[in-house]
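2 protein chains.
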Amino acid sequence: MSEPSRAAPAATVTADALHRFAQDVFVRAGMPPADAAIVADVLVWADLRGVDSHGVSRITMYLRLIDDGDMNLTPSIKIRTETSASVLVDADRAAGPIAMTTAMNAAVRKARDAGVGLGLVRATTHTAALGYYTLMAAQEGMAAIALAASTPFMAYHGTRAAGVSTNPISIAVPGGARGPVVLDMATGVVARGKLVQARKTGRPIPAGWALDRDGNPTTDPQAALIPLPLGGPKGSGLSLMIELITSLVVSNPIIAGALEVAGDGTRHRQNGLVLAIDLRRFGDPEAFRSEVDRVIAALKALPHAPGVLEVLMPGERGSRAFEDRTRDGIPLPRAIVDELRGVATRFGVTSFPSAG
Amino acid sequence: MSEPSRAAPAATVTADALHRFAQDVFVRAGMPPADAAIVADVLVWADLRGVDSHGVSRITMYLRLIDDGDMNLTPSIKIRTETSASVLVDADRAAGPIAMTTAMNAAVRKARDAGVGLGLVRATTHTAALGYYTLMAAQEGMAAIALAASTPFMAYHGTRAAGVSTNPISIAVPGGARGPVVLDMATGVVARGKLVQARKTGRPIPAGWALDRDGNPTTDPQAALIPLPLGGPKGSGLSLMIELITSLVVSNPIIAGALEVAGDGTRHRQNGLVLAIDLRRFGDPEAFRSEVDRVIAALKALPHAPGVLEVLMPGERGSRAFEDRTRDGIPLPRAIVDELRGVATRFGVTSFPSAG
Numbered sequence: 098m099s100e101p102s103r104a105a106p107a108a109t110v111t112a113d114a115l116h117r118f119a120q121d122v123f124v125r126a127g128m129p130p131a132d133a134a135i136v137a138d139v140l141v142w143a144d145l146r147g148v149d150s151h152g153v154s155r156i157t158m159y160l161r162l163i164d165d166g167d168m169n170l171t172p173s174i175k176i177r178t179e180t181s182a183s184v185l186v187d188a189d190r191a192a193g194p195i196a197m198t199t200a201m202n203a204a205v206r207k208a209r210d211a212g213v214g215l216g217l218v219r220a221t222t223h224t225a226a227l228g229y230y231t232l233m234a235a236q237e238g239m240a241a242i243a244l245a246a247s248t249p250f251m252a253y254h255g256t257r258a259a260g261v262s263t264n265p266i267s268i269a270v271p272g273g274a275r276g277p278v279v280l281d282m283a284t285g286v287v288a289r290g291k292l293v294q295a296r297k298t299g300r301p302i303p304a305g306w307a308l309d310r311d312g313n314p315t316t317d318p319q320a321a322l323i324p325l326p327l328g329g330p331k332g333s334g335l336s337l338m339i340e341l342i343t344s345l346v347v348s349n350p351i352i353a354g355a356l357e358v359a360g361d362g363t364r365h366r367q368n369g370l371v372l373a374i375d376l377r378r379f380g381d382p383e384a385f386r387s388e389v390d391r392v393i394a395a396l397k398a399l400p401h402a403p404g405v406l407e408v409l410m411p412g413e414r415g416s417r418a419f420e421d422r423t424r425d426g427i428p429l430p431r432a433i434v435d436e437l438r439g440v441a442t443r444f445g446v447t448s449f450p451s452a453g
Numbered sequence: 098m099s100e101p102s103r104a105a106p107a108a109t110v111t112a113d114a115l116h117r118f119a120q121d122v123f124v125r126a127g128m129p130p131a132d133a134a135i136v137a138d139v140l141v142w143a144d145l146r147g148v149d150s151h152g153v154s155r156i157t158m159y160l161r162l163i164d165d166g167d168m169n170l171t172p173s174i175k176i177r178t179e180t181s182a183s184v185l186v187d188a189d190r191a192a193g194p195i196a197m198t199t200a201m202n203a204a205v206r207k208a209r210d211a212g213v214g215l216g217l218v219r220a221t222t223h224t225a226a227l228g229y230y231t232l233m234a235a236q237e238g239m240a241a242i243a244l245a246a247s248t249p250f251m252a253y254h255g256t257r258a259a260g261v262s263t264n265p266i267s268i269a270v271p272g273g274a275r276g277p278v279v280l281d282m283a284t285g286v287v288a289r290g291k292l293v294q295a296r297k298t299g300r301p302i303p304a305g306w307a308l309d310r311d312g313n314p315t316t317d318p319q320a321a322l323i324p325l326p327l328g329g330p331k332g333s334g335l336s337l338m339i340e341l342i343t344s345l346v347v348s349n350p351i352i353a354g355a356l357e358v359a360g361d362g363t364r365h366r367q368n369g370l371v372l373a374i375d376l377r378r379f380g381d382p383e384a385f386r387s388e389v390d391r392v393i394a395a396l397k398a399l400p401h402a403p404g405v406l407e408v409l410m411p412g413e414r415g416s417r418a419f420e421d422r423t424r425d426g427i428p429l430p431r432a433i434v435d436e437l438r439g440v441a442t443r444f445g446v447t448s449f450p451s452a453g
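Chains as they are written, first to last, in the working numbering: chain C, 98 to 453; chain B, 98 to 453.
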């Protein structure tokens, strides 16, 4: 049932070994060890959850951002605004996981006092898997929302060009015996990673997934370039609102500037917004947890659609992958193993797990 | 371009006349005049915006909720929890517009001090068009979010039954010369109103819109009963999270109880969540407004998809309808005119505009 292993893995490694490797690489690249540990944690968490597109496969991208000067290894992160219920974190181009965990920790702290805590993140880089941050808050007994705004590559509804990002949204709440519920979804019909994967396998993609470089609909995996928004105007509208309520609130607009310059000259940057709501301030957290389990049980008991073996909750596939992979290790495909070996060589890191 | 007039209207009435009529009806039904004015305002606003499904066509439904004892005409609305940045409004089954405007006014007030304000609404009824409340905040210089949670009638992904509601989400921000941007979307592929409309016209509906009463996919407008979620697991996941972060936070779960009882015995009820972010606390509101106009201009300048005359922003169609209908009046179809004449007779209200 779990999505992960489409091809036989070239290696299966433990989360610990992968974490050590990732941390070593970022330290060698010049990142303070505590920061490198956080980045490694967020990436390996995505691999454990089966979200391979947001795991260690991103290490090479992060290194490129460092090489290009887009990601700042030694940022001077500042709290620019602070109120009783909010902070605006100026991230100085810190790695996304550093900025987003800083903001969520602050939001959780604020929510303990004020019932609600808002963390705004200005000028970070790839925010990785948003579910990591909302789950952090859920584990503190909070309901949480996270948004991230990025550079345009998805079609805006009604156009034949990249106009917005697939800006994701995550919502999480604590649960009872079944654990937290964590939604983490992009505003596109399909993740960009799936287009990349189709290109590798050569399998045609469904109609309605993507446009080619000229803005024409295509099912050719080699031509597919611009993902289409979820539900047309709804997906691109939601994505635009995330840019407005995130990037524009922190005075760091991304979309307009990127669309105004001809060519692909825009630098990588992102902004983020996190929100935590302290359940204890508004009701009984234990009752909340049992009500979560109760609604899950009710939904799972509904008659299934044809061919469906099990009704799944948001994030359920991911938490099962997490259990499986924590026990059995993380399978890595050949292309990623080769990439990471190259990284190991470049940085003289010997900790890349060689287990086959 | 505007959606409204599909059939020749049976009557075209001014917003003022319609407002007077709606207010009179609710006052005769037993609602305090100030409350009746707010309900009338929210309903007529939806008609002005061209969202006919959420306008005065709902008066008969509201009267039924009153008759059934689900809507409380003289609620004792209480602030159950109050912190520096939040309120929990126990609405005592007040009409949705009363509860939601109370919560948004509180959220805006809180946000002025704390940067962010959260308003939670427990136990209200039909919350009407959420864009009304987020626009209220935008007009106060705030970015805003509104969510509403309701009884199940949409399919949960993977099932063949109604498991969640089409729980809507609205996000709005202030704008510059082009005015505010207001997204207001349901989490279903299609609004229930469109299924009702297809039933009336007899036109087949597109595949992927709805299931019949037995949970089978259908394109027959007479058989279509259960709308499908936007993008499968994304739409039903988002809808479920709205139930969790709204209804469960205010200790008034809706879905589980409704699914556990056999038959359709559940009473109408809703919960809501509104959030306001004061732009002044985090940046320059004037710069924000011009950046909104700038990104709109950039998106509108993108090459159009074939057959598309104009690239539209969230809520743009609605604000044009608002201008047109404020000037020209609100067209009402025959069925609604007949319904409202019936209402006028029942309550001895003579103010129903008879202009043809």
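Among the hints, a few may not be true.
Where chains are identical, the list cannot tell them apart; a pair therefore holds if satisfied intra-copy or between any two copies.
In silico lysine to any residue, SDA-like type, Cα no more than 25 Å apart, as pairs [what the hints assert, rightly or not]: (1) K397 with V358; (2) K175 with R209; (3) K297 with L409; (4) K397 with A126; (5) K291 with Q236; (6) K397 with A258; (7) K291 with T178; (8) K297 with P382; (9) K291 with V358; (10) K175 with L322; (11) K397 with F250.
No lab work stands behind these hints, which were simulated from the structure alone.
Hints and how they fare:
1. K397 with V358: This pair counts as between: shortest inter-copy Cα distance 15 Å, intra-copy 49 Å.
2. K175 with R209: Both: 22 Å inside a copy, 23 Å across copies.
3. K297 with L409: neither (28 Å within a copy, 35 Å between copies)
4. K397 with A126: neither (47 Å within a copy, 42 Å between copies)
5. K291 with Q236: Classified as neither: same-chain Cα gap 30 Å, cross-chain 41 Å, threshold 25 Å.
6. K397 with A258: Classified as between: cross-chain Cα gap 11 Å, same-chain 40 Å, threshold 25 Å.
7. K291 with T178: neither (38 Å within a copy, 45 Å between copies)
8. K297 with P382: For K297 and P382, neither the intra-copy (47 Å) nor the inter-copy (46 Å) Cα distance is at most 25 Å.
9. K291 with V358: Neither, since 28 Å and 41 Å both go past 25 Å.
10. K175 with L322: neither (37 Å within a copy, 53 Å between copies)
11. K397 with F250: between (36 Å within a copy, 16 Å between copies)
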